[in-house]
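Just so we're aligned: the sequence shown equals residues 1201 to 1489 in the working numbering.
Certain hints may be false.
Simulated DEER-style distance windows between Cβ atoms [to be verified]: (1) Leu1253 / Glu1294: 44 to 54 Å; (2) Ile1432 / Ile1481: 22 to 32 Å; (3) Leu1253 / Thr1302: 36 to 46 Å; (4) Val1414 / Tyr1437: 44 to 54 Å; (5) Thr1382 / Ser1402: 40 to 50 Å; (6) Ile1256 / Lys1277: 26 to 36 Å; (7) Glu1294 / Asp1236: 25 to 35 Å; (8) Ile1265 / Thr1302: 33 to 43 Å; (9) Ser1366 / Leu1387: 45 to 55 Å.
Keep in mind the hints are simulated off the structure, nothing from the lab. Yeah, the Cβ is synthetic: ideal placement off N, Cα and C, and Gly gets one too.
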Amino acid sequence: MTEENQSLLDEQIDQEDMNNSLFDEVKICNYQEIIDEQIKILEIINNTINIGLNNILDENTKEGIFKDLEQNFYKLKMNIESLIAYFKNPPSQEELEIINKTLLIKTELDNLNSSFSKLEIEKFSQKAMELKTALDNSLVNFDNTFLESLNSALKVSNDDLKDFRSKTEARLSDSLQTYDQTLKVFLEKEKNAILDFSKIFSKLTKNIKQTMIVSLILFTLFGFSFGVFSFIVYLKYEDYKKITQNAQKLSSIIIKENKDKSLTLSFPKNKTILNKDENGIHITLQGGE
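Turn these sequences into a full structure, and let the hints guide you.
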């Protein structure tokens, strides 16, 4: 701490000493309060120092710690000055009497305030009990009145309900009778129409059945005819294949007209077999082109 700050703290202490009133002097004379305050300040200073020693701090935190130490040091100095003043300038007999009277008055005021609070609580509790009792009585009376009114209303409603039910049953009975009669008349009127429709439907069903039988017979005949036709086509196709093969064999024969108007037939040597007998020459063409 610099000398300038120290002088500033001294000036602040002197100024506060000059401005102290009688009540402040009485407060200063309380030895136990001075000791308790000093213990509290020393604990704060010790905790602040431990924080600075046991942690890695940045510049802002260090500055804050030093400011806290400066403020608590100022408080500690003021407290020590008060302690010195207590022993250096002990209170006079008159001041002690004032202090004792002040403490007695404070104690009596605290006791009176406590008694008044207890009295108010008791009065409030009593008023609350009275209010609860009155409310319970009111609720009981309300319940009784409500039940009586409800019973009367239910009785009237029950009579009205019985009357409504009897009237409704009578109306429903009349409506059912009317509906039954209307249904009978309708069935009598529509009976002939229903019979005619049944006859027409039966006849139509019979005709459809006959038509289906005829169609089935026709389809059967058509299928049989188509099968026969397919078989004939297959046989003709086989004949066509044989004719085609024979034509391919004959296509290898070359017919050449000579100058003397004679004809020369040329056959492929590798596919021709010549046979002679007494009746003539037989030429056999082998299969293939």
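Hint-by-hint comparison with the structure:
1. Leu1253 / Glu1294: 44 to 54 Å: holds (50 Å)
2. Ile1432 / Ile1481: 22 to 32 Å: Distance hint for Ile1432, Ile1481 is violated at roughly 39 Å.
3. Leu1253 / Thr1302: 36 to 46 Å: Given a distance of about 44 Å, which is inside 36 to 46 Å, the answer is holds.
4. Val1414 / Tyr1437: 44 to 54 Å: Violated, since Val1414 and Tyr1437 (Cβ atoms, about 34 Å apart) do not stay within the stated range.
5. Thr1382 / Ser1402: 40 to 50 Å: violated (30 Å)
6. Ile1256 / Lys1277: 26 to 36 Å: holds (30 Å)
7. Glu1294 / Asp1236: 25 to 35 Å: Hint holds: Cβ distance 26 Å, inside 25 to 35 Å.
8. Ile1265 / Thr1302: 33 to 43 Å: The hinted range 33 to 43 Å holds for Ile1265 and Thr1302, with Cβ atoms some 40 Å apart.
9. Ser1366 / Leu1387: 45 to 55 Å: violated (32 Å)
Hint compliance for this structure: hints 2, 4, 5 and 9 are broken, all remaining hints hold.
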